[in-house]
Amino acid sequence: MGFISRGFRGKRRDTASSSRLPPGQYVVTDYPVLSAGPTPRIPLSEWTFVLEGEIDQPKKWTWEEFRKLPTEQVTKDIHCVTKWSKFDTVWTGVSIDTILDGVETAAEYTVQFSYGGYTTNLIPHLYFWKSAKWIRGIRLVNEDQPGFWEVNGYNNYGDPWREQRYWGD
Amino acid sequence: MTVQQSDLKLDGNAIGGLLREIFTMEMTAAIGTCAHCGTLHAVGEVEVYMNAPGVVVRCPSCGEVQMKVVRGHGKYWLDLSGVRCLEFSAG
Ligand SMILES: [Zn+2]
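Chains A and B, in that order, are what the protein sequence lines are.
Under this note's numbering, the first residue of the first sequence is numbered 1, with each subsequent residue one higher.
Under this note's numbering, the first residue of the second sequence is numbered 1001, with each subsequent residue one higher.
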């Protein structure tokens, strides 16, 4: 499952009854860096972001165009499937609502794809491998397509609150 | 935050123990044919990224993914789709 979930304003879980730490996780104060390959070196003059797939007019932004889009800042807890969690990480970026603004599509799923070849299906509130580090586009698709880790043992959905780490969880 | 690429990239000897668990024999001298570029490399020479949800093995010639290994719940998930052929001595 990888339904398009607009925006990062999901249901909050900081009610008194529920802990902030999902099951099986521990809190870190440093910032572990995970990498499945070398860091891509993309000159900003060649960088683009695309929205493609099940869409009449694919959209493409250069770096300069992308930086002119409205940005917002969000503060979120992140939960890595390797069991560390980090609270209150601050992100600045372009909302998926802005990327999808005015787009007509029947697609119910997405593939994020990256410089460096990484892929995953979307995104917010799930384990952090669902967030591609060097994202270069989003493909709108009619059927869910497991990505780099989802084809190889990792859970297709990946909800940290249900501890969906591996296949069968 | 500064991250040195060399801190993250290891050579194939880093997965000697892991492959011994899976194949129950020493595999670092095994020769793999890259499914992407056709180059032959000993397992000990490949590029290994272990700071990830699983182990990622890349071809030192073309950089493409040769193997992925995920371990969890007492199971292995082993993707060898980037290795066309793996040659190793019997016994
Ligand atoms: Zn190769």
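Be aware that a few hints might be false.
Lysine to aspartate or glutamate pairs mimicking EDC-like chemistry, simulated, CA-CA at most 20 Å apart [to be verified]:
{"id": "1", "chain 1": "B", "residue 1": "Lys-1075", "chain 2": "A", "residue 2": "Asp-56"}
{"id": "2", "chain 1": "A", "residue 1": "Lys-83", "chain 2": "A", "residue 2": "Asp-159"}
{"id": "3", "chain 1": "A", "residue 1": "Lys-68", "chain 2": "A", "residue 2": "Asp-97"}
{"id": "4", "chain 1": "A", "residue 1": "Lys-59", "chain 2": "A", "residue 2": "Asp-88"}
{"id": "5", "chain 1": "A", "residue 1": "Lys-60", "chain 2": "A", "residue 2": "Asp-88"}
{"id": "6", "chain 1": "A", "residue 1": "Lys-133", "chain 2": "B", "residue 2": "Glu-1064"}
{"id": "7", "chain 1": "B", "residue 1": "Lys-1075", "chain 2": "A", "residue 2": "Asp-88"}
{"id": "8", "chain 1": "A", "residue 1": "Lys-83", "chain 2": "A", "residue 2": "Asp-144"}
{"id": "9", "chain 1": "A", "residue 1": "Lys-76", "chain 2": "A", "residue 2": "Glu-64"}
None of these hints come from the bench; they were simulated from the model.
Is Lys-76 of chain A within 20 Å of Glu-64 of chain A, Cα to Cα? Between Lys-76 of chain A and Glu-64 of chain A the Cα gap is close to 27 Å, so the pair fails against 20 Å, i.e. violated.
When you check the alpha-carbon spacing of Lys-133 of chain A and Glu-1064 of chain B, does it fall within 20 Å? holds (18 Å)
Are the Cα atoms of Lys-83 of chain A and Asp-144 of chain A separated by 20 Å or less? violated (26 Å)
Can the restraint linking Lys-68 of chain A and Asp-97 of chain A be considered satisfied, given a maximum Cα separation of 20 Å? holds (15 Å)
20 Å Cα cutoff - pair Lys-59 of chain A, Asp-88 of chain A: With a Cα-Cα distance of about 32 Å, the restraint between Lys-59 of chain A and Asp-88 of chain A is violated, given a limit of 20 Å.
Are Lys-60 of chain A and Asp-88 of chain A close enough, with their CA atoms no more than 20 Å apart? violated (31 Å)
Assess, step by step, whether the Cα of Lys-1075 of chain B is no farther than 20 Å from the Cα of Asp-88 of chain A, and give holds or violated. violated (33 Å)
Need the status of pair Lys-83 of chain A, Asp-159 of chain A: alpha-carbon distance at most 20 Å? With Cα atoms ~13 Å apart, Lys-83 of chain A and Asp-159 of chain A stay inside 20 Å; holds.
Would the hint linking Lys-1075 of chain B and Asp-56 of chain A be met if the CA-CA limit is 20 Å? violated (43 Å)
This entry does not satisfy hints 1, 4, 5, 7, 8, 9, going by the numbered hints stated previously.
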